[in-house]
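K.L.:
From just these sequences and the hints, can you work out the full model?
Number of protein chains: 2
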Amino acid sequence: MQDVFHAKTKLLDYVDGEELVIIINEEQAWDHGISAMDKVVMKYKDTDYVLDVSLSNKLVKRNEVGLSEDVYKKYNLGADVIVSISFTQTNGKAIDALKKALGGKKLNYEETKTIMDDIGHNRFTDILTTYYGAIGFFKKASDKELFEMAKAMGETGEMLHFDGVVADKHCMGGVPGNETTMIMIPLLTSLGIKMPKTFSKAITTPAATGECVNVLMDISFSKKQIENLVKKNNCCLVWGGGLSLAPADEKLIKVAYPLSMQSYSRTVVSIMAKKYAMGINHSLIDIPMGPTAKVPDMKTAKWLKKRYEYVGKKLGMKVHVEITKADQPIGAGIGAVLQVREVLRVLQQHELRPMDLQNKAVYLASKIIELVGLAKGKKAYELAFNQLKSGAAWKKMQEIIKAQ
Amino acid sequence: MQDVFHAKTKLLDYVDGEELVIIINEEQAWDHGISAMDKVVMKYKDTDYVLDVSLSNKLVKRNEVGLSEDVYKKYNLGADVIVSISFTQTNGKAIDALKKALGGKKLNYEETKTIMDDIGHNRFTDILTTYYGAIGFFKKASDKELFEMAKAMGETGEMLHFDGVVADKHCMGGVPGNETTMIMIPLLTSLGIKMPKTFSKAITTPAATGECVNVLMDISFSKKQIENLVKKNNCCLVWGGGLSLAPADEKLIKVAYPLSMQSYSRTVVSIMAKKYAMGINHSLIDIPMGPTAKVPDMKTAKWLKKRYEYVGKKLGMKVHVEITKADQPIGAGIGAVLQVREVLRVLQQHELRPMDLQNKAVYLASKIIELVGLAKGKKAYELAFNQLKSGAAWKKMQEIIKAQ
Numbered sequence: 001m002q003d004v005f006h007a008k009t010k011l012l013d014y015v016d017g018e019e020l021v022i023i024i025n026e027e028q029a030w031d032h033g034i035s036a037m038d039k040v041v042m043k044y045k046d047t048d049y050v051l052d053v054s055l056s057n058k059l060v061k062r063n064e065v066g067l068s069e070d071v072y073k074k075y076n077l078g079a080d081v082i083v084s085i086s087f088t089q090t091n092g093k094a095i096d097a098l099k100k101a102l103g104g105k106k107l108n109y110e111e112t113k114t115i116m117d118d119i120g121h122n123r124f125t126d127i128l129t130t131y132y133g134a135i136g137f138f139k140k141a142s143d144k145e146l147f148e149m150a151k152a153m154g155e156t157g158e159m160l161h162f163d164g165v166v167a168d169k170h171c172m173g174g175v176p177g178n179e180t181t182m183i184m185i186p187l188l189t190s191l192g193i194k195m196p197k198t199f200s201k202a203i204t205t206p207a208a209t210g211e212c213v214n215v216l217m218d219i220s221f222s223k224k225q226i227e228n229l230v231k232k233n234n235c236c237l238v239w240g241g242g243l244s245l246a247p248a249d250e251k252l253i254k255v256a257y258p259l260s261m262q263s264y265s266r267t268v269v270s271i272m273a274k275k276y277a278m279g280i281n282h283s284l285i286d287i288p289m290g291p292t293a294k295v296p297d298m299k300t301a302k303w304l305k306k307r308y309e310y311v312g313k314k315l316g317m318k319v320h321v322e323i324t325k326a327d328q329p330i331g332a333g334i335g336a337v338l339q340v341r342e343v344l345r346v347l348q349q350h351e352l353r354p355m356d357l358q359n360k361a362v363y364l365a366s367k368i369i370e371l372v373g374l375a376k377g378k379k380a381y382e383l384a385f386n387q388l389k390s391g392a393a394w395k396k397m398q399e400i401i402k403a404q
Numbered sequence: 001m002q003d004v005f006h007a008k009t010k011l012l013d014y015v016d017g018e019e020l021v022i023i024i025n026e027e028q029a030w031d032h033g034i035s036a037m038d039k040v041v042m043k044y045k046d047t048d049y050v051l052d053v054s055l056s057n058k059l060v061k062r063n064e065v066g067l068s069e070d071v072y073k074k075y076n077l078g079a080d081v082i083v084s085i086s087f088t089q090t091n092g093k094a095i096d097a098l099k100k101a102l103g104g105k106k107l108n109y110e111e112t113k114t115i116m117d118d119i120g121h122n123r124f125t126d127i128l129t130t131y132y133g134a135i136g137f138f139k140k141a142s143d144k145e146l147f148e149m150a151k152a153m154g155e156t157g158e159m160l161h162f163d164g165v166v167a168d169k170h171c172m173g174g175v176p177g178n179e180t181t182m183i184m185i186p187l188l189t190s191l192g193i194k195m196p197k198t199f200s201k202a203i204t205t206p207a208a209t210g211e212c213v214n215v216l217m218d219i220s221f222s223k224k225q226i227e228n229l230v231k232k233n234n235c236c237l238v239w240g241g242g243l244s245l246a247p248a249d250e251k252l253i254k255v256a257y258p259l260s261m262q263s264y265s266r267t268v269v270s271i272m273a274k275k276y277a278m279g280i281n282h283s284l285i286d287i288p289m290g291p292t293a294k295v296p297d298m299k300t301a302k303w304l305k306k307r308y309e310y311v312g313k314k315l316g317m318k319v320h321v322e323i324t325k326a327d328q329p330i331g332a333g334i335g336a337v338l339q340v341r342e343v344l345r346v347l348q349q350h351e352l353r354p355m356d357l358q359n360k361a362v363y364l365a366s367k368i369i370e371l372v373g374l375a376k377g378k379k380a381y382e383l384a385f386n387q388l389k390s391g392a393a394w395k396k397m398q399e400i401i402k403a404q
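Quick note, the sequences are listed as chains E and G, same order. When you number the first sequence by the numbering used here, it's gap-free, plus one each residue, and the end is 404. When you number the second sequence by the numbering used here, it's gap-free, plus one each residue, and the end is 404.
Hints are computed from structural coordinates only; laboratory data are not their basis. Be careful, since some hints might not be right.
Since the list can't tell identical chains apart, any single copy or any two copies may satisfy a pair.
To be verified - In silico DSSO-like pairs for lysine-lysine, Cα to Cα no more than 27 Å straight-line:
#	residue 1	residue 2
1	K305	K100
2	K73	K100
3	K318	K367
4	K376	K314
5	K389	K8
6	K306	K99
7	K99	K305
8	K318	K105
9	K314	K140
10	K305	K106
11	K302	K99
12	K299	K100
13	K99	K299
14	K100	K302
15	K318	K43
16	K367	K378
17	K376	K8
18	K379	K367
19	K379	K402
20	K325	K139
P.N.:
What follows is the structure, given as structure tokens:
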């Protein structure tokens with residue numbers, strides 16, 4: 001990639017809705033053969049930002065580039081800094097692979113990787129990303145393809161690594177009030193299990209883990225800060241969007257959003273790619289099954305269970321899938337603050353604690369205890385239960401809140 | 001659709017690459033619940049323009065909307081005119097139909113129509129349009145579905161109507177120098193056949209009919225002007241992009257462009273929809289077949305021939321498909337000016353005229369003469385040939401040039 005020109009950034013009072021547009025002086029663009037709707041790479045301090053080009057002679061002078069507020073916010077950039085602007089274009093190999101897949105043919109790992117790489121690094125336009133998204137609806141991917149998609153997706157962004165047993169609990173979601181994570185993490189880490197927990201913001205429930213955790217502590221941390229939190233407390237409760245884990249996932253979700261529909265197999269890819277990038281090697285997946293949950297019936301739940309187990313195993317994880325009944329909200333409170341109050345009541349063993357929430361959390365925690373090999377069956381359940389009863393989980397939670 | 005607010009247009013010195021963006025004052029947008037990336041309808045003089053929203057407090061004041069140069073050019077709008085801004089959103093039925101099709105199910109006519117309508121009227125985002133485009137690669141449409149797509153696509157834009165026999169000649173293209181249209185139109189209209197000929201700009205050849213005709217005369221006319229030209233001369237040679245014929249086609253081509261790939265069946269839909277909207281009832285389709293043409297082999301050519309014939313018949317046209325050998329350029333000149341010189345030499349029966357071009361034009365013209373029932377076989381060929389030899393075609397061409 002060759003440098004084209006250097007320019008000073010100018011903050012324009014302009015919101016483009018995360019289209020991430022750069023405005024280049026029209027004459028200067030013309031000199032360099034850049035057109036509106038091209039993509040360029042803006043380089044600043046060894047980081048590349050891929051942006052869509054618009055042109056203007058009045059908004060920006062030569063050797064100035066205009067950036068919208070979205071770009072400033074997203075990348076936390078300063079105004080009046082010197083950046084270099086160079087061409088980008090999608091990898092020809094990625095387009096060839098995409099055409100091959102649209103033609104109904106199977107892709108090998110290298111081909112899947114080159115597509116994920118271009119999507120993850122914003123070199124694919126929305127149109128190209130949508131073609132790749134559309135394939136998920138039409139063509140039933142083989143288990144091997146799902147694994148290769150998850151691996152490629154995980155490897156195109158930031159990757160974390162922790163020594164030893166690293167466990168995670170993931171809930172497919174879709175049921176309000178189902179806030180077991182905030183009970184399970186302190187409970188399990190108080191037993192010495194390492195759990196670097198990331199979560200996304202609410203997609204399908206009124207308040208997901210992110211919103212709930214944020215009631216008590218900060219959730220945005222850098223890779224370095226997360227590594228320090230895990231070193232200190234054996235765990236973290238952080239928002240994954242602050243990291244660049246499996247960045248192609250976010251783009252694929254963006255093009256799935258207008259349909260409010262994602263294929264089940266792509267959901268498996270999305271979740272497992274993020275666990276893999278996070279360095280997880282023991283994973284419990286909770287599939288709530290019920291008429292209003294994401295998974296409406298046992299047939300779908302079992303199909304998903306097999307895919308999670310296969311993909312996880314190939315990615316080097318021990319995976320346990322629990323299919324849980326989800327025919328009504330859990331606990332009595334819906335909404336972040338009320339849900340957090342219920343979580344705290346369980347941790348504090350308050351007499352008004354919701355027993356359904358406690359029971360689900362202890363049960364799922366016992367499954368992770370089994371997964372990492374600390375105890376089995378009734379012993380595992382008792383071990384989990386005692387961490388609540390003894391106050392060890394509540395003590396751990398206070399340490400976590402202090403650290404974050 | 002309810003009016004939201006009125007505003008004065010402001011021309012911003014800004015090229016957005018035909019994204020067709022409207023910039024709305026951020027506070028005002030907030031008051032009306034409009035966000036960046038929404039689509040709004042801008043109404044001016046009873047015409048609706050659907051535009052993508054960006055927000056700014058500095059570029060535009062309250063009750064001002066900023067428009068890029070692209071919007072001004074495309075819609076030929078004035079600055080400082082009062083427009084009304086209202087919400088738009090895609091028809092929920094179209095999204096439901098799209099999901100159904102992505103699920104592999106067949107759509108009925110109403111469902112196809114609602115999708116074409118939203119695409120054609122810019123209510124579908126690029127992402128949604130791409131999903132519909134992607135289906136063309138995966139799922140082999142039935143002949144009935146192709147017909148319904150062409151009908152729906154044709155009916156969602158402007159439609160022209162002419163009395164009696166209305167003929168057209170269309171070449172699928174892909175071979176340089178293949179400029180028979182400019183010979184055939186004056187030749188055939190000098191026999192009294194009505195031929196309102198539209199063309200697109202070059203996609204696959206160095207200079208297509210549009211570029212060639214434009215060497216001699218104007219090619220951009222309104223619907224009304226075209227009707228007058230046909231009334232006067234029995235024909236026109238005009239750029240179809242100036243009309244809004246089958247407007248969904250242009251959007252579907254836009255999302256096919258980054259792949260430089262369109263499915264054959266969608267090509268049939270695209271071509272027949274435009275003929276249908278143009279009021280054609282006798283159509284000759286020339287499929288050049290050869291290693292570098294769009295159609296590389298006889299199997300594909302024959303498959304296409306059947307689809308053109310079926311869809312045409314269902315749209316009420318008489319269709320004749322000619323598969324022509326296309327293994328080398330035709331004529332000696334490549335490029336608009338040289339090709340036009342060769343066309344004129346054929347019309348003028350100049351001694352240096354390219355005989356391969358003349359032969360192909362006369363042969364194809366004889367097929368249209370057969371199609372509309374003026375003469376058959378050898379008689380048709382002689383009739384066509386005589387219009388060249390007698391100078392009647394050349395005389396007609398001069399009238400056409402004068403009129404345009």
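K.L.:
Against each hint, give a clear statement of whether it holds in the structure.
P.N.:
Now the hints, each set against the structure:
no. : hint           : result
1   : K305 with K100 : between (29 Å within a copy, 26 Å between copies)
2   : K73 with K100  : neither (37 Å within a copy, 38 Å between copies)
3   : K318 with K367 : within (12 Å within a copy, 71 Å between copies)
4   : K376 with K314 : within (25 Å within a copy, 70 Å between copies)
5   : K389 with K8   : neither (60 Å within a copy, 67 Å between copies)
6   : K306 with K99  : between (29 Å within a copy, 26 Å between copies)
7   : K99 with K305  : between (31 Å within a copy, 25 Å between copies)
8   : K318 with K105 : neither (31 Å within a copy, 38 Å between copies)
9   : K314 with K140 : within (19 Å within a copy, 35 Å between copies)
10  : K305 with K106 : within (23 Å within a copy, 30 Å between copies)
11  : K302 with K99  : between (32 Å within a copy, 24 Å between copies)
12  : K299 with K100 : between (31 Å within a copy, 21 Å between copies)
13  : K99 with K299  : between (33 Å within a copy, 22 Å between copies)
14  : K100 with K302 : between (31 Å within a copy, 24 Å between copies)
15  : K318 with K43  : neither (40 Å within a copy, 59 Å between copies)
16  : K367 with K378 : within (11 Å within a copy, 87 Å between copies)
17  : K376 with K8   : neither (62 Å within a copy, 72 Å between copies)
18  : K379 with K367 : within (11 Å within a copy, 88 Å between copies)
19  : K379 with K402 : neither (31 Å within a copy, 97 Å between copies)
20  : K325 with K139 : neither (30 Å within a copy, 37 Å between copies)
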